[in-house]
Amino acid sequence: MYIYDKYDQTMVDERVAQYRDQTNRFLAGELPADEFQQLRLRNGLYVQRLAPMLRITVPYGMLSSLQIRKLAHITRHYDRGYAHFSTRQNVQLNWPILEEVPDLLAELAEVEMHAIQSSGNCIRNTTSDQYAGVARDEIEDSRPWAELIRQWSTFHPEFNWLPRKFKIAVTGAKEDRAAVQVHDIGVRIIEQDGQLGFQILAGGGLGRTPVLGAVIKDFLDQKHLLTYIEAVLRVYNRYGRRDNKYKARIKILVRAMTPEVFAEHVDTEWQTIKNGPGTLTEAEILRAKSFFSRPDYKQLDEECSALDQQITDNFAFKTWVGRNVKPHQQSGYVIVNLAIKATAVAPGDVSDEQLDTIADLADKYSFGEIRVTHEQNATFADVAKNELFALWKELCESDLASPNLGLLTDIICCPGGDYCSLANAKSIPVAEAIQKEFDDLDYLHDLGDLDINISGCMNACGHHHVGNIGILGVDKKGEEFYQVSIGGSAYSDAALAKILGPSFAQAQIPNVVRKLVTLYLDQRQEGEQFVDTYNRIGIKPFKETVYA
Amino acid sequence: MPAIIKNQAIVESDYQWVDGEIDLSTNNLLLPLTTYIAHQDKLSARKDVGIWLEAGENIEDAEAFVSKLPIVALNFPAFGDGRAYSSANILRRKFGFEGELRAIGDVRRDQLEQMVRCGFDSFQMADGQNLEKSLAGLNSFTYNYQGSIDRPEPLFQNR
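Chains as they are written, first to last, in the numbering used here: chain A, 1 to 548; chain B, 1 to 159.
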């Protein structure tokens, strides 16, 4: 993974010093609250319903065991013993104390971590594919490019006060696991006539007005990545709306101009900087790639008879392997997913002890690294097949072996009204009620891949628009209700879910989900997942069964 | 004239920021872009008149004559409105403007370094800002990743 040099480390250390000074000035009454708010947001600190929330940046989801242990320590020392994996591959703390945040950040800086630009109207953490570098369907590893974008966007002097937040995602595989179509800029690594380059999308996003991004550049030479993105940002910074925060995202500008005209504006601006000093050099591209070289794999056969025997002998293990383990580029290795979705625990929440365990297991089984996924799970990217059974047994001891990856109970969920001051409604109890309703594992496996996404408000942090079943908390005359939509997808076949109809009370939701999946089971044809059946029969039968 | 920050020091402003009616024969004026354009025939020979632009005004509208001006000012209607950073970039990089570039309006200490990097070299601070203490806001970071107006080469060119 990426390792800091003196430049990276100095920048992060100086930001801690700057932020400490800003905090001190605020506490001394020298910095007005409205101004400090904008400065602390740019360092990840929200003031929430019950306490501040600190969002710690995890570039494209990658963490070392050293960093995970530091996070475990921080949750114990500065928080209440747990952390939360977010839908943008970041880590959030729910109970830090404002006065202690500078010390907390200084500890993070010791392990090359920070909270820079994890909130505010600026360029946020660049996200990527959690299987980058190991996925079988990969064209090229996306992480070096995500790292180059991270560096370019960090403290960019021109783009720190945008009309609204700005999110960039990169994918280098055929299957899009980074949801690039619902980002402000989506970068797809593609191959054309034997040349690798990028297809650039702009104007995707969720929130109040969900929209899929449009392709604004069919093929971009790799060395031009940063200058082209700069041109997009400049057009947006100049012409994006600032009069209404609900119309300020780039998607509104792209739609108002039309993607074609927007692309022309970008191209005109790009021509003035193309081949300029911001053009990536071959040396810099190689430098970035050098941090993501393949680990020191053992030479193993792809076939592993011991593993086959363990799968035959142990049904629970077989179930877990079937759901949570994915094929790997390297023979004899697999990708292992830890579903952080135990029932009665908020989706994505991990305790300090679990963090320490994850760090230990990463060292023991996966070259000391993990990835945080946008489904709020964790991934061990490089596990040898002949050690898989031993890993599973250790995961079981720490409640980290839920065999529900991608199943209905692997719910993607924002913190909601229990923590967030923006939320209209709670989301965690809804997730828990659904998990309790569906506790029959055989039934869940029979249902197959089914994404449920829950957001506590229009800001859509739970990405409800792209859930196969999306649930949105709404406020009706001071009471919490939930609007249900179906048919969304966050992957290569990305689609926005359609609203079923009038909203429901919280207690009704498990039964609504039950009716939806029952209809699917009645109607499905051979090989169809929930979303396939929906695409074939349409929304009407689902409406009829739910409102009957 | 108010005190301003210029070239890392506190000095008295040498230009009067005009927002409204003014006798154009007055010396040392910063005029609205539209006023300047309306009276360009009389003003273009003057060496003591500059322009200022509102955040939403197109810097391109000044392209034809800006190189002859001693000073351009860009207004920040609110410190969170970042449009003028891009105007500054275009003015310096694309139009090659070499005169003084002043930030006016809601200019605060914690944005000064970003402004310098985008090409501003003088600052009329917002009401209530302590100029002495604001000088500290000019230099918080030793290195930067990306190129900017004050240093066009990105870090990777010399890494």
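Accuracy of the hints is not assured; some may be wrong.
Away from chain B, derived, C-beta distances all over 10 Å, residues of chain A [stated by the list, open to error]:
1. 22
2. 39
3. 77
4. 155
5. 157
6. 158
7. 219
8. 277
9. 298
10. 532
So the derived list for chain A, only partly shown, Cβ under 8 Å to chain B, looks like this [to be verified]:
11. 4
12. 7
13. 161
14. 281
15. 282
16. 289
17. 293
18. 483
Bear in mind the hints are in silico, worked out from the structure with no lab data behind them. Note that the structure is a prediction, hence the values are computed from the model and not measured. Ideal Cβ positions, reconstructed from N, Cα and C, are used throughout, including at glycine.
Verification of the supplied hints:
no.: 1; hint: 22; in the structure: violated (7 Å)
no.: 2; hint: 39; in the structure: violated (6 Å)
no.: 3; hint: 77; in the structure: holds (27 Å)
no.: 4; hint: 155; in the structure: violated (6 Å)
no.: 5; hint: 157; in the structure: violated (4 Å)
no.: 6; hint: 158; in the structure: violated (4 Å)
no.: 7; hint: 219; in the structure: holds (23 Å)
no.: 8; hint: 277; in the structure: violated (5 Å)
no.: 9; hint: 298; in the structure: holds (34 Å)
no.: 10; hint: 532; in the structure: holds (44 Å)
no.: 11; hint: 4; in the structure: violated (12 Å)
no.: 12; hint: 7; in the structure: holds (5 Å)
no.: 13; hint: 161; in the structure: holds (3 Å)
no.: 14; hint: 281; in the structure: holds (7 Å)
no.: 15; hint: 282; in the structure: violated (11 Å)
no.: 16; hint: 289; in the structure: violated (13 Å)
no.: 17; hint: 293; in the structure: violated (18 Å)
no.: 18; hint: 483; in the structure: violated (32 Å)
Taken one by one, the earlier hints fail for this structure at numbers 1, 2, 4, 5, 6, 8, 11, 15, 16, 17, 18, listed in ascending order.
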